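Colleague: As a plain string of letters, each chain reads:
There are 2 protein chains.
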Amino acid sequence: MSQQRSSVLSLKGVRIQDPFWSEYIRLVRDVVVPYQWDALNDRVPGAEPSRAIRNFKIAAGEETGEFYGMVFQDSDVAKWLEAVGYLLQTEPDPDLEQVADAVIDLIAKAQREDGYVNTYYLLKEPGREWTNLSECHELYTAGHLIEGAVAYYQATGKRKILDAVCRLADHIDSVFGPEPDKIRGYDGHQEIELALVKLYHATGEARYLRLSRFFLDERGREPHFYDREYERRGRTNHWGSDFMITKRSYSQAHAPIREQESAEGHSVRLVYMCAAMADIAAETGDEGLLEACRRLWKSIVTRRMYVTGGIGSMAQEESFTLDYDLPSDTAYAETCASIGLIFFAQRMLNIEPDSRYADVMERALYNTVLGGMSKDGRHFFYVNPLELWPDACGKNHAYDHVKPVRQGWFGCACCPPNVARLLASLGQYLYTVKDRSVNAHLYVGGEADIEVGGQRIRFKQQSELPWEGRVRFELEVESESDFTLALRIPEWSGAAVIRLNGELYDAETANGYALIRRWWKSGDQVELVLPMDVLRIKGHPLLRDTVGKTALQRGPLVYCLEEADNGKNLQGLFLPSRSEAISEFDPNTLGGVQVIRMDAQRLSEKDWGEELYRRDADTSFEPAALTFVPYYAWANRGVGEMAVWVKEKA
Amino acid sequence: MSQQRSSVLSLKGVRIQDPFWSEYIRLVRDVVVPYQWDALNDRVPGAEPSRAIRNFKIAAGEETGEFYGMVFQDSDVAKWLEAVGYLLQTEPDPDLEQVADAVIDLIAKAQREDGYVNTYYLLKEPGREWTNLSECHELYTAGHLIEGAVAYYQATGKRKILDAVCRLADHIDSVFGPEPDKIRGYDGHQEIELALVKLYHATGEARYLRLSRFFLDERGREPHFYDREYERRGRTNHWGSDFMITKRSYSQAHAPIREQESAEGHSVRLVYMCAAMADIAAETGDEGLLEACRRLWKSIVTRRMYVTGGIGSMAQEESFTLDYDLPSDTAYAETCASIGLIFFAQRMLNIEPDSRYADVMERALYNTVLGGMSKDGRHFFYVNPLELWPDACGKNHAYDHVKPVRQGWFGCACCPPNVARLLASLGQYLYTVKDRSVNAHLYVGGEADIEVGGQRIRFKQQSELPWEGRVRFELEVESESDFTLALRIPEWSGAAVIRLNGELYDAETANGYALIRRWWKSGDQVELVLPMDVLRIKGHPLLRDTVGKTALQRGPLVYCLEEADNGKNLQGLFLPSRSEAISEFDPNTLGGVQVIRMDAQRLSEKDWGEELYRRDADTSFEPAALTFVPYYAWANRGVGEMAVWVKEKA
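If you read the sequences in order, they're chains A and B. All residue numbers for the first sequence refer to the numbering used here, where the first residue is 709 and numbers rise by one. All residue numbers for the second sequence refer to the numbering used here, where the first residue is 709 and numbers rise by one.
Hints in this document: simulated from the structure, not taken from any laboratory. Honestly, I wouldn't trust all of these hints.
Which copy is meant is left open, because identical chains are indistinguishable; a pair holds if it fits in one copy or across any two.
Claimed, not checked - Under the rule of at most 20 Å between Cα atoms (straight-line distance), these lysine to aspartate or glutamate pairs were calculated in the DMTMM-like manner:
{"#": "1", "residue 1": "Lys720", "residue 2": "Asp925"}
{"#": "2", "residue 1": "Lys1257", "residue 2": "Asp1099"}
{"#": "3", "residue 1": "Lys1355", "residue 2": "Asp1326"}
{"#": "4", "residue 1": "Lys1357", "residue 2": "Asp1253"}
{"#": "5", "residue 1": "Lys1257", "residue 2": "Asp1324"}
{"#": "6", "residue 1": "Lys1083", "residue 2": "Glu999"}
{"#": "7", "residue 1": "Lys1083", "residue 2": "Glu1313"}
{"#": "8", "residue 1": "Lys1355", "residue 2": "Asp1037"}
{"#": "9", "residue 1": "Lys1355", "residue 2": "Glu1288"}
{"#": "10", "residue 1": "Lys1357", "residue 2": "Glu937"}
Treat the numbers as computed from the prediction; the structure is a model and nothing was measured.
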């Protein structure tokens, strides 16, 4: 429909073979997805029951019993199916496929004649479908089913689940819309919007795109849908308060989406919505909508994002707060929100390749998202603070949402499957193609088959990220081909050096990408060297939490201090502003990571005495040899203090 | 019973005439107490109803209707009566006395034959008296009635209310005690304990002292009283959760009081309990109890107290948290808690005059307590943060308890009457007498008649505090008298200079007091000069919130920066470590206060651009001429930023 959009890369064409990332993807395949399957079937000893599969069995008439769980319990099955779909797109696994086929049979059996499927409403509130969108995630759950179905269909070519969700989407299309006999409404938790775009891509059916756009455009209009359905259903609440109905900004329903100036409310909902807005802008060429996307992007990344790519400054309402309010210790920075930010970034890159989108995507991926999962794949952070004083957890309730170590699966039911589906589909985030240009956004080793100007080009990539900034491409073409390879020069890089077939290449740059345009032939090699100095990052002067402090970053990785290396009382450490940073790979730390060592000063307690306040205190310091480790790897050595931002000293 | 205790000064003997404090006491008399009376009678337009007087009228059979309000609604009437008592002790007011007599008649009429009085139970749960001490403040309410009665009796000599609360106390004594037919219990909110000591002083009846000690000693013992009464009443909750029953430390019932090592839980309860512990230790010479008082005192003032004398680091549970956890922005620091800390300090001074107790008393009084009330006497802070970013209030829910301006009466029902009764009884806190020594703790102008060694001595004091450190005493004696006048040398003072009848006097000091022992004759004059430099206060290195920062103090006053004087973005201000502080009285600021001016530096935003984080940021500063104002006077010029702690720069 429009020329704005880059073509979508099939995950099938990308095979990741990377010393850093392959291990994470293996974890998803070997640990996370099987573990999740056990969880969905209530086979994890000691865990709270999920009963998500059982809900479907009851709805399908295979078992008897009652619905159990949250109103959106079905979405756990859907996200599992989506992760399975991505895994199968990159590597066949007949056993896994067989399990998934059985789940699909079950979902199809539970589906009502008219296409409707949602085990909560089918079992618990039959006849009350579509009466409480603001609170009950009914379209959200449908959206996840659609995403799972599309991923599985793309992996296997099997249409059963795709057909099922088409019937579901058609049913939704018959219920919602601008026509007088339909509901002019939308879901409290955005998700259906981006899912319908995926369904449109999978099927080519324009009505799904139209329905997605309807949901977006309807949002936040007056007279307000939440009020209308509230009155219609007799003023009942699902969650025991009318908060989700009255606090419109919580679900970004306080104004029409094109009029929203800043990132407000529940952070996951906002970025899921933005991803769909960008999708629709790309498909329709709607400049107003694209402008709204750019505005909300800017609101997030220039005023409301942690240096780790985390978003959402407060636990209450899992929400954005206000500009420049980014407390390190009480941060929410939900793992899912950074995943959603990556979704949004990916869509913006599809529209307008600009390295600033990719910089944020990389920042969120390498820091918050990666930090969300432990190295064993069995423990997860929901909340990702930038500073931790574990002694205060449990004692000062301001930190009740902060966990000092990653929790088992059921400590946080939404983030683990989200991490799984993102990592399983990582190949989708590396490149975009537009016209005769291939943009490389993330440097992750492996092979990608990309169609440019009608020809299939194979890009073999080797990357030493995140430890060193050396990246090498080798191309295979069927015949000589004229196109541009656009290599992202990350914001963290020193002066990049490019060699084409061994010769220095002086590339033009555009929007943060070094452009190599030529007639490519098989065997052409490009080497990219991105100097990785240790960077002393400063926060904007209006960022209250970071004034007078610095954070270290090297390559895409933000670093932190941990008690394990530096002792307690990290608050007393000061970095001399000219102190030299030495980076080295330490095979003995955290299974092998690049650490940063720096001489610093520690506020001395020695001569202080026991007074809490002193009038004549001569501040004295002791030398301290500090070791910084990558933020993503924190909290893997027991409970201890952690800090990303460290005080500076002239 | 013991020699440890100093004699109690009658408020009647103290007449405050002070350029600083008289105005506050006038406010209590002319504004706060009348306003409170209107509030108790539901005559404040726009305010939530109190119905506290009406509850008594219904209980007395004068009106019909239902109980309204909190379970401890009666205590509002009691605190009003207590403030009235103090006002009448210092100045007769026949009209006010008449109103109070009518209230007393009403209370007496509502009182049951057996002495019991509590309108909640009489009207709402008759027959359920004494079944839910852990939650329902029944003894707390009785304690306030007793305090009110004693104050009124001491003012007027009228026994009616004293006799009524004696009957109440005797009833309580018949219900509670170690005997098998009595309840071995105590109140969830400590208050009765200190009230019974006052009743003992007023009546000489040792059983009240014994009962107080019983309540203290019973607290926190196993098997736990809260469990026993919970089972006995059939596991019901008053507040909808069993939190007050199961979280023992909330009400300092997690261990016997002598075994409590640190200040835990609800901060007001803790200090009310400590005040009673000190009372009992003084009366009984119980060294173990005194040691427990010292231990809890030390826990508060060396690890858990704000520089403003505020206590309680978190809003949740209005509570202490852990050592060195004193966040400025999310502080609770309830006004009532600082008042309770003053109660505790006063009792410790009675036992062992040590200027460290008086230093804390003064710190809490001049900063948090005074700051709790507006200059019009009609607006109050419940919560006293040390840093405010008003834009975040209402947007970041971590600050939901923080109000950027003082609220009208019913925004906070407990602090205003507590401020009123403290200020109305300020005369009780100035001096203690022990043997042949009179210790002057607070420098407040006026006259005090104090009996020393059988002779009544009149101390006429003139004080320039808090603006200047000049204090002058003139004594009137009936005949020459040999005793020691011990003048507190505050922690904030430079080298003190004392002149006796115009001659330099080289005083010995003991426990922070300069001792002047001599045969005093009428007309003897003592002049005390306490140099008031601007002090740069530092926090203990383990105080996370204050590392790298400084607070200014001059005399007893802690200072702060306000947006009104210094613009927005106080977080970007840095005090050069050697910058000179100039203090001057500014009649145009806040109705005339001593301000402090200092040249500082402001982090520049000029060349920053819109990036949130920068790798190459050269921090640049602009000069900034800062004005600090006394903390107690903040938030009297509209809504704006405020900060006590300011960053330092080498």
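Colleague: Run every hint past the structure and note whether it holds.
Modeller: Hint check results:
1. When the C-alpha separation of Lys720 and Asp925 is checked against a cutoff of 20 Å, the pair qualifies neither within a copy, at 33 Å, nor between copies, at 74 Å.
2. Taking the closest pair of Cα atoms, Lys1257 and Asp1099 never come within 20 Å of each other, the shortest separation being 23 Å inside a single copy and 23 Å across copies.
3. In this assembly of identical chains, the alpha carbons of Lys1355 and Asp1326 lie at most 20 Å apart whether taken from the same copy (18 Å) or from different copies (15 Å).
4. For the identical chains of this complex, Lys1357 and Asp1253 are neighbours both inside a copy (16 Å) and across copies (17 Å), given an alpha-carbon limit of 20 Å.
5. In the homo-oligomer, the alpha carbons of Lys1257 and Asp1324 lie at most 20 Å apart only across protomers (14 Å), although the nearest pairing inside one protomer, at 25 Å, exceeds that limit.
6. In this assembly of identical chains, Lys1083 and Glu999 lie within 20 Å of each other by CA distance neither inside one copy nor across copies; the values are 40 Å within and 50 Å between.
7. Proximity of Lys1083 and Glu1313 under a CA criterion of 20 Å is satisfied in neither setting, with 36 Å inside one chain copy and 41 Å between copies.
8. For a Cα distance limit of 20 Å, the shortest separation of Lys1355 from Asp1037 qualifies both inside one copy, at 15 Å, and across copies, at 19 Å.
9. Proximity of Lys1355 and Glu1288 under a CA criterion of 20 Å is satisfied intra-copy only: 15 Å inside one chain copy versus 24 Å between copies.
10. In this homomeric assembly, Lys1357 and Glu937 never come within 20 Å of each other (Cα to Cα): the closest approach is 57 Å inside a single copy and 58 Å across copies.
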